[in-house]
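Residue numbers (the numbering used here), protein chains in the order written: chain A, 1 to 174; chain B, 1 to 269; chain C, 1 to 456.
Hints may contain errors.
Label pairs and their computed distance ranges (CB to CB) [stated by the list, open to error]:
#1 C:R430 <-> A:G135: 31 to 39 angstroms
#2 C:D123 <-> B:A251: 38 to 46 angstroms
#3 B:K252 <-> C:F131: 55 to 63 angstroms
#4 B:G144 <-> C:F131: 46 to 54 angstroms
#5 A:G135 <-> C:L217: 49 to 57 angstroms
#6 A:G66 <-> C:V238: 34 to 42 angstroms
#7 C:D123 <-> A:G51: 49 to 57 angstroms
#8 A:G114 <-> C:R430: 49 to 57 angstroms
#9 C:F131 <-> A:P83: 39 to 47 angstroms
#10 C:G57 <-> A:R119: 54 to 62 angstroms
These are calculated hints, taken from the structure and not from any lab test.
In this text, a Cβ means the ideal position worked out from N, Cα and C, and glycines have one as well.
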Amino acid sequence: MRLTVNGGEREVESAPLTPLLHVLREELGITSPKAGCQQGGCGACTVLVGGVAQRACLLPVAALDGADITTLEGLGSPEALSPVQASFHENYAAQCGFCTSGMVLAAHAYLEGGGTPDRPSIQHALAGHVCRCTGYVKIIDAVAAAAGGEASSNQRWLPRTGEESPVEIPGAPA
Amino acid sequence: MAGATLALDQATEVLQPGSEDEAIAAFGDGSGITVLAGGTIVVPEISYGYRSPERVLMLTRAGLAGISRDGSRTTIGATTTVAELVDLPAPLGPCAANVADVEIRSVGTVGGNLCAGEGQGAPRGDLQGALLALGASVRSAGEGGTTDEPLDEFMANRRERLILSVSFDEPAAGAFAALDRPHTHDYTALAVSGVRAQDGTIRLAATGAGTWGVRLPSAEAKSADPEAAGLAALDDVELHDDALASAWYRAKVLPVLIRRVLAELEEGA
Amino acid sequence: MKAVGARLPRYDGVAHVTGRTTFVDDVRIPGTLWTKALRSPAHHADIKGLDVSKAAGMKGVRAVITWEDVPLLEYGHLSALGIPADEPLLAKDDVRYKGQPIALVAADDEETAQAAVEAIQLDLEEKPALFDVRKAFDSDAPKIHQWGNWYPHFEGEMDRRQIRKGSIGEAFEQADAIVQGVYRPAAIEHVPLETQVCQVVPEADGRLTIYSCTQALYFSMGVVAAHLQVPLNRLKFVGGTVGGGFGGKVDTATETMCSLLALKSGKPVKWRWTREEEFLCSSTRAPWHMEIADAVTKDGWILGRKMLTLHDSGAYGRFSPYGLTKHSFHHTGAYTIPHLEFDGYCVFTNRVPTTAMRGFGVTSVSFAVETHMSRIAKELGLDPFEIRLKNANRIGDTSPNGVVYTDPSTVPTILAVADELGHELPADYRTMSSELRTGELLPEHLVGQLGTPEAH
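Just chain A, with the same shape it has in the complex:
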């Protein structure tokens, strides 16, 4: 069986009923999609199949021969973040980070499909994604901002002291 993953062709040997999530994580070593529930209920395993957001834990790999899969690694890298990735980072939309892969991919698909900064529309698009840390507000802010809107909500509580951070954070983008 052959899959295209993040632009590269990969041979897959897993049994036909193996969920794509297991194929990605265990056979191909791509660990960004997470095993949150393995029932399609949490969104953490979400990947793009032909650009469409789907649950990797529900897709038997035999149904995907020849499919074009995108995972979070395929959107951008630390040196070159995609607009949605950058917006998530700038708007503090990730705390523990476990739901982030699914959220970013779903947001990416939403925006590619013409998604607007309208908050109810964003909520509807991300309705299948559980986050236990952030309370969702900053995630919606990040998507709204990436859609060209205002990252509004309670931004007034975040102090702004100019562009440069006065303290060096290891690993932060320059």
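Chain A is fixed; fit chains B and C onto it per the hints.
Positioned in the frame of chain A, the structure of chains B and C alone reads:
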């Protein structure tokens, strides 16, 4: 208790027919074969070890998807995804839009939804209500060959059948009302679909009011009086407690949903 | 201080949004075995027989462990706080909650591990179970714990957390009304997106590298070392990347068992809980039963509080006595009440042992206390803000256990809330402050409870 056991057994036979005829032949009389379409129900059951199929009939390539119209009759292929139904008129469109979330709707199928009974303590199969209200008929294959029968008979018979398509006549008006909760994997606790057919007949159906979707004949008989219809509906259903709501709560809400649906059908008059 | 008040990027933000963050389940060590557990199907039962031989002999199974493999079977995680051990790592004589781990299997793949678990022969004799904390005190209640049905090892071998202040009898005599309420918040699941997971690697030098999702790295290290009876330097814990914890990943639920499997098999071992296990078997925030009776005057002074708390500890003690202790200090909330009679019990039930979650022990009592304040206001026909401001902690007031408040923030907080909500207050309330009580804010019943920082 079962663990999350993956079906990594290469010995499981997976059939992937490339046409309707091949699918019918592979299905045979349905014995010893598990049908897999969208996978939203079957794959988690396999992952958790609740189901270990020996033979799986994967329908992704059988060409059973698609919506077509012939005059006023709409036909929907069995593997049409719920997402593709979202823009259809009420009740089916809003019913489909209300199912789960974007990702689930992109793979879940009409056929799978019609075959879904109650899950682990929560109702499934929302589309049953809308299609029952639409007076849909089901084309299916299995023992005795391919047949066409009304959906309510199909569901009552509960034989081993491979659903090929469903079809219905365009109604004069349709309506849908649901009690549901926002957010992930959104099982609808209770929903009512209603249709006013071209000949004026009112059909009502509910999901979440029992293991399967049901028609509400007692409510239909009193449809001219929404208040009475709502209360009469309680005679048609067997409400129970589950993870989403209690029978008591459903009994309170069912008449409300019926009144809403009937009001909406009135408006379209 | 350059960081305070500045807008700083998260140091792990870029890794999160690019999928580079390595959670425990993302660690890849060749040859890692998969783990499955045999868990109790019964709420309460004696173990009459346990035979793992068939499982251990199956092809692909590399190790099976039971209580016999544990060097120190019972270790009190909070023994440093005086809470003795009561819970076996793996069940030995009996099982006391549905889902309690009895045996674990490490095998080449998940399917083999699960098949091996199903091949273990378990013989249980079910016993009556206790689920309702209120029934624990009945003479005919089933006995479900070797210490009795509630924790008896508070200081001085007391069987409750007890706070006495002033004279509750006097307060009840002087009251114009007694306002009562019962508050029963239910258990809450943490539901972290990342389920419990652990990976242990036996190193050539005899040490164990433990990839853990614990929230408390050194604490968990101590727990594992104690159960294994090894010095701390035998363990190397790798952690700090937690996919959500909220208090539920302090229990060290997987690390010790994985370590034993790694030692027995000689191979790396991983145990990742399913979402089903997470819901059914992981510890929760405890359910509580709280009864409050307040002696109040008709103009809204709270003279005294009598309170009973039953904390549902589940089948074992774990951290519950500690949680109950914190709860007890806060039973007057942000308000000053001079006469107190508080009794709190840590009650055992045949449920999953409960644990910490966001404000361990205190969220329950805060909920109860605040609701009760509103109830008092309603029953007396008084404004809920005014009644809070009147009784609010002030400088010089003393806490239930006699600590003198030097900088309470109750009054300014309530005033800010009133302001934000546009709630009108009379001038004498609008101008209240945290300053030492005088005049009308110091009626006779509050005089005796005032303290000075030096006096504490």
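We went through each hint and held it up to the structure:
1. C:R430 <-> A:G135: 31 to 39 angstroms: For C:R430 and A:G135 the Cβ distance comes to about 32 angstroms; the hint holds.
2. C:D123 <-> B:A251: 38 to 46 angstroms: holds (44 angstroms)
3. B:K252 <-> C:F131: 55 to 63 angstroms: Taking Cβ atoms as reference, B:K252 and C:F131 lie about 28 angstroms apart, which means the hint is violated.
4. B:G144 <-> C:F131: 46 to 54 angstroms: Given a distance of about 52 angstroms, which is inside 46 to 54 angstroms, the answer is holds.
5. A:G135 <-> C:L217: 49 to 57 angstroms: At 26 angstroms between Cβs, range violated.
6. A:G66 <-> C:V238: 34 to 42 angstroms: holds (39 angstroms)
7. C:D123 <-> A:G51: 49 to 57 angstroms: About 55 angstroms separates the Cβ atoms of C:D123 and A:G51, which means 49 to 57 angstroms holds.
8. A:G114 <-> C:R430: 49 to 57 angstroms: At 52 angstroms between Cβs, range holds.
9. C:F131 <-> A:P83: 39 to 47 angstroms: violated (52 angstroms)
10. C:G57 <-> A:R119: 54 to 62 angstroms: For A:R119 against C:G57, whose Cβ atoms are near 59 angstroms apart, the range 54 to 62 angstroms holds.
The structure is inconsistent with the numbered hints 3, 5 and 9, although it conforms to all the rest.
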